[in-house]
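**Q** Given the coordinates of chain A, work out where chain B should sit on it, guided by the hints.
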Amino acid sequence: DAKTTQPPSMDCAEGRAANLPCNHSTISGNEYVYWYRQIHSQGPQYIIHGLKNNETNEMASLIITEDRKSSTLILPHATLRDTAVYYCIVSVSGSARQLTFGSGTQLTVLP
Amino acid sequence: NAGVTQTPKFRVLKTGQSMTLLCAQDMNHEYMYWYRQDPGMGLRLIHYSVGEGTTAKGEVPDGYNVSRLKKQNFLLGLESAAPSQTSVYFCASSYSIRDLNTEAFFGQGTRLTVV
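Chains A and B, in that order, are what the protein sequence lines are.
Under our numbering, the first residue of the first sequence carries the number 28, and numbering increases by one thereafter.
Under our numbering, the first residue of the second sequence carries the number 219, and numbering increases by one thereafter.
Simulated from the structure, these hints should not be mistaken for laboratory data.
By construction, the Cβ of each residue, glycine as well, lies at the ideal position given by its N, Cα and C atoms.
Treat each hint with caution, since some may be false.
Unchecked claim - What follows is a set of in silico ranges between Cβ atoms, one per label pair, in the way DEER data are often shown: (1) Asp-38/A with Asn-246/B: 25 to 35 angstroms; (2) Ala-40/A with Gly-271/B: 48 to 58 angstroms; (3) Gly-221/B with Pro-34/A: 28 to 38 angstroms; (4) Lys-79/A with Thr-238/B: 16 to 26 angstroms.
Excised from the complex, chain A in its bound form:
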């Protein structure tokens, strides 16, 4: 019973914003939304996480809807190096034991 739903693949033009959606309609009040990415066979890399407020760091922005049932990861100026599988995960905490990696979204940044 998947906690999150993501599109299997997306394309984005280089230099444009990449907006990756995630549905998590059964999220509990104490669960965070985490985003990780995995660049071609490398280890997953943490991007950002949030509880209910929008968050921004040097890599991305995370927009969480007011009802917390969905969120969007925004890469403001996508580069070819951002081509990767992006995983949206809901978890009580960020420790890896609580992180269940689904299939994610394959983002391809096109030149």
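**A** Then chain B, alone, in the frame of chain A:
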């Protein structure tokens, strides 16, 4: 600061052979984990450890053993390798689960092929 380091990076084993994968972290993390990733699939947790001297089973523990004799190291052993254990193995570490704002740090993976 190397983060999480896995050795070896590649290995080919014959069915029935044994081997140990080493994971080392230099961030003083309490928690350490071993995952496997099969082609086109997400990561599945094999075993984890919440501190030195402790280990626990994850989602797919059969055929593997682990040890955490030192806080910075987490070893994954294959007692008698089988072709079904052909996979990419990832180690990860994180601060205590009590820290709700923790992130997990992953190694670069070990590609294991069992023939």
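**Q** Each hint needs a verdict: does it hold in this structure or not?
**A** Structure-based check of each hint:
1. Asp-38/A with Asn-246/B: 25 to 35 angstroms: Taking Cβ atoms as reference, Asp-38/A and Asn-246/B lie about 41 angstroms apart, which means the hint is violated.
2. Ala-40/A with Gly-271/B: 48 to 58 angstroms: holds, 52 angstroms
3. Gly-221/B with Pro-34/A: 28 to 38 angstroms: Since the Cβ atoms of Gly-221/B and Pro-34/A sit about 31 angstroms apart, the hinted range of 28 to 38 angstroms holds.
4. Lys-79/A with Thr-238/B: 16 to 26 angstroms: With Cβ atoms ~43 angstroms apart, the hint is violated.
Violated hints for the displayed structure, listed by number in ascending order: 1, 4.
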